[in-house]
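The listed protein sequences correspond, in order, to chains A and B.
For the first sequence, my numbering begins at 795 and goes up steadily by one.
For the second sequence, my numbering begins at 47 and goes up steadily by one.
FYI, nobody ran anything at the bench for these hints, they're computed from the structure.
Only a predicted model underlies this, so the values are computations on that prediction, with no experimental measurement involved.
We put the CB at the ideal spot given by N, CA and C, even for glycine.
Label pairs and their calculated CB-CB ranges: (1) B:243 x A:878: 23 to 31 Å; (2) B:243 x A:824: 53 to 61 Å; (3) A:909 x B:136: 50 to 58 Å; (4) A:859 x B:302: 48 to 56 Å.
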Amino acid sequence: VVRNPVEMGSKWDEIIRRVSNDPKYKTAFAAAYKDGVTQANIQSALATYERTLITPNSRFDKYLRGDANAITAAEKAGYAKFKQYGCVACHQGVNVGGNMFQKFGVMGNYFEKRGNPTEADLGRYLVTRVEADKHVFKVPSLRNVALTAPYFHDASAKTLEDAVDVMFRYQLGRVASKEDKEAIVRFLNTLTGELDAKP
Amino acid sequence: MKLLSRLPAWPSMSIAAILLVSVLVFLYARTQQKDESGYFEDIAVLRHLKQLDAQWELDVLKSKIGLNAHYDPLADSLVELTRLLDGMERDFAAEQHDQAAALVLGNAALRRAIEEKAALIERFKSNNAVLRNSLAFLPTAEQDVRQSLGRIDTHDASAAERTSDNVNKLLLASMLYSQSASDEHATEIQNGLRELDADKPLLRAETRDRLEIFAAHVRTVLREQRGVNELLGRVAAVPTAARVDEIHNILSTEQQRVADLSRQYRGYLLVFSAMLLGLFLYAAVRLVRSHAVINRVNKELHSANETLEQRVEERTRELRQAQSDLLATARQAGMAEIATNVLHNVGNVLNSVNVSTGLVSASVRASKIQGLTRAVQMINEHADDLASFITQDAKGKMLPGYLTQLSQVLVAEQQGIIGELTAMTRSVDHIKEIIATQQAYAGTASLMEPARIEELVEDALRMNAGALARHQVVVEKEFAPVPVLPLDKGRILQILMNLIGNAKQAMEVVSDRAHRLTLSVGMVQDHTLRVAVADTGEGIPAENLARVFAHGFTTKKDGHGFGLHSAVVAAREMGGALTVHSDGPGTGAVFILELPAGPTGKNEETA
Numbered sequence: 795v796v797r798n799p800v801e802m803g804s805k806w807d808e809i810i811r812r813v814s815n816d817p818k819y820k821t822a823f824a825a826a827y828k829d830g831v832t833q834a835n836i837q838s839a840l841a842t843y844e845r846t847l848i849t850p851n852s853r854f855d856k857y858l859r860g861d862a863n864a865i866t867a868a869e870k871a872g873y874a875k876f877k878q879y880g881c882v883a884c885h886q887g888v889n890v891g892g893n894m895f896q897k898f899g900v901m902g903n904y905f906e907k908r909g910n911p912t913e914a915d916l917g918r919y920l921v922t923r924v925e926a927d928k929h930v931f932k933v934p935s936l937r938n939v940a941l942t943a944p945y946f947h948d949a950s951a952k953t954l955e956d957a958v959d960v961m962f963r964y965q966l967g968r969v970a971s972k973e974d975k976e977a978i979v980r981f982l983n984t985l986t987g988e989l990d991a992k993p
Numbered sequence: 047m048k049l050l051s052r053l054p055a056w057p058s059m060s061i062a063a064i065l066l067v068s069v070l071v072f073l074y075a076r077t078q079q080k081d082e083s084g085y086f087e088d089i090a091v092l093r094h095l096k097q098l099d100a101q102w103e104l105d106v107l108k109s110k111i112g113l114n115a116h117y118d119p120l121a122d123s124l125v126e127l128t129r130l131l132d133g134m135e136r137d138f139a140a141e142q143h144d145q146a147a148a149l150v151l152g153n154a155a156l157r158r159a160i161e162e163k164a165a166l167i168e169r170f171k172s173n174n175a176v177l178r179n180s181l182a183f184l185p186t187a188e189q190d191v192r193q194s195l196g197r198i199d200t201h202d203a204s205a206a207e208r209t210s211d212n213v214n215k216l217l218l219a220s221m222l223y224s225q226s227a228s229d230e231h232a233t234e235i236q237n238g239l240r241e242l243d244a245d246k247p248l249l250r251a252e253t254r255d256r257l258e259i260f261a262a263h264v265r266t267v268l269r270e271q272r273g274v275n276e277l278l279g280r281v282a283a284v285p286t287a288a289r290v291d292e293i294h295n296i297l298s299t300e301q302q303r304v305a306d307l308s309r310q311y312r313g314y315l316l317v318f319s320a321m322l323l324g325l326f327l328y329a330a331v332r333l334v335r336s337h338a339v340i341n342r343v344n345k346e347l348h349s350a351n352e353t354l355e356q357r358v359e360e361r362t363r364e365l366r367q368a369q370s371d372l373l374a375t376a377r378q379a380g381m382a383e384i385a386t387n388v389l390h391n392v393g394n395v396l397n398s399v400n401v402s403t404g405l406v407s408a409s410v411r412a413s414k415i416q417g418l419t420r421a422v423q424m425i426n427e428h429a430d431d432l433a434s435f436i437t438q439d440a441k442g443k444m445l446p447g448y449l450t451q452l453s454q455v456l457v458a459e460q461q462g463i464i465g466e467l468t469a470m471t472r473s474v475d476h477i478k479e480i481i482a483t484q485q486a487y488a489g490t491a492s493l494m495e496p497a498r499i500e501e502l503v504e505d506a507l508r509m510n511a512g513a514l515a516r517h518q519v520v521v522e523k524e525f526a527p528v529p530v531l532p533l534d535k536g537r538i539l540q541i542l543m544n545l546i547g548n549a550k551q552a553m554e555v556v557s558d559r560a561h562r563l564t565l566s567v568g569m570v571q572d573h574t575l576r577v578a579v580a581d582t583g584e585g586i587p588a589e590n591l592a593r594v595f596a597h598g599f600t601t602k603k604d605g606h607g608f609g610l611h612s613a614v615v616a617a618r619e620m621g622g623a624l625t626v627h628s629d630g631p632g633t634g635a636v637f638i639l640e641l642p643a644g645p646t647g648k649n650e651e652t653a
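Chain A extracted, bound-state conformation (with noise of 0.2 Å):
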């Protein structure tokens, strides 16, 4: 999944060597692991992390599966939002996002406006080295959104509404009403899983 092009499209040496520069990580994994930073146990500590985030029964699935119930008609209406606001075009399928990746601030300048550019800043250009992956990152699953501030590889939004926000003025360059970003929050709300109900 790591290397997969339609995931991380990475290297496994280039990742252990960021794991091991990272000296949170590393002692984390020393903590964890006899010896440390290594492929496999990178493998077992990313297969402990993403058993986590299988959490299926979100009311939004239960909505999508015919409980017409399961979410409120203001989450219905955020849902609306969601979809003619064009969030949809790359937060999609059954994941809401993680299957493309997509330059950040399409329709701006983000970092230029945001200023103190950093290296992670070049997104996937760190991997592929090609000049068009430039600001290119992987779309993420908005599925549990609401649980993982903060938000973007900067961390530069705190909550759910700046995320939004960001994405509306650089993603969709458009702008949108204060009623309709609550709408879409509020739907957004609605993809947290059973965190509980583990396979």
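Chain B: place on chain A using the hints.
The following block gives chain B in isolation, referenced to the frame of chain A:
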């Protein structure tokens, strides 16, 4: 004979058979070697790959025109494609392929093509998402601009009018451009955008912002549509299908080759089978012929065997005849020997009879009976004066004295004749006895009668008595007490006669020492009668000891070689044995006759 000579060829024949079978198995294996299912599986995988690839491209196009709501099918296709590629790679590595290197290369090329395509599609997804978003938003943005234009009165109505027109045109042009990305539309859009920019300063701030957003999206459509189209072209240009076909071709050629090879080997197999069949037929013919030969030989052997049996039977009969003839001859020879002895003894006795007869006739011829006759004549002449004559006459006076003398002489004469006649009578009796003995033994075959062995020995000696005496042989007898036993007197006497005769002859040639014949009789362990005839003759050399009993063996100038042979045969016929012992030339010899005495021997010992 043919069969026999072929026997040692078995090992080589079995080796040949093993070789033939090996060739057969090898050829068969070669025709079966390639499992075609592998090929067909690979082909199926390739078809699937191609289909998936096409589906992938179709999904891309669907995404382009908005038929696909999301990109999950694109990702799914890639996952499936990668899975198939991996499976095929494993197959190529695991299976036996003549062109494995080419296949691996083909697989790698296909993988590269798919990866390239995947990368392109990835970019397509990004661009297409933006394009579609902008396209979807454009009408809304246009509406926003027009609302803004219409709602608030502009200080430049003509600019507002133009802008509204332009926005409208741009929207239409963008839509058209999204359908067919022609340069014409692109220029139109760019012109429209320039006109918008030209009028922008004349508009209010709020309208300007909205116009800005609209323009940005139009530009985005322009940019992304170009990118998407280019990407689509490149996606379509990625030679995945060609790569699949290449692999397909390699596999097909390989399969073709394998099939050709298999066909070729099938041909070989056919030829080989025909050869084997021929060989088999040949062998069968040979076998049938061999069988006939065997049968014939068998028949011949059978008849030969029968003839042989017949001949053996004949020969056996002849031999038996010869043997009985021989036995009869030996018997007759033995009897002749006895007869010779008998005649010899009779001759001896006849000698004395002759002498006695001569003496009697001489004494009778010279008898003084004449003197008596003359005295009787003188008495008759003087019958009338007999008294005077006797008293007066000179002659007459001598007569009584003469008669007295005469009677004395005649008495003596008579005594002599009677004596001779007595001797003659004895001799005649002796002859009668000898003849009676001979008659007792001759012609009586195997007659067992109670007898004393000593008497038989004495008889044998008596028959040889004359000869033994002539050769100054001292006979010694060592007789142990032996019971009366049932004995075949004829055979035993024949044997003893033979042995005694041999001993006598063996001693004839010896002159430097005494001739002694020792006859001993005794019992060995109560059940065997033992008679030994020992001499002090010339002896028997060791090399002849084993041969003396052989038929036809003799050391005598006029011998016939029957004597000892018939003796040993006779001993065997009686259930006994005749053996010989000699320390060598000059030491004499001992012949030992042993006969079974039977279990009754002990009981009769006292009798």
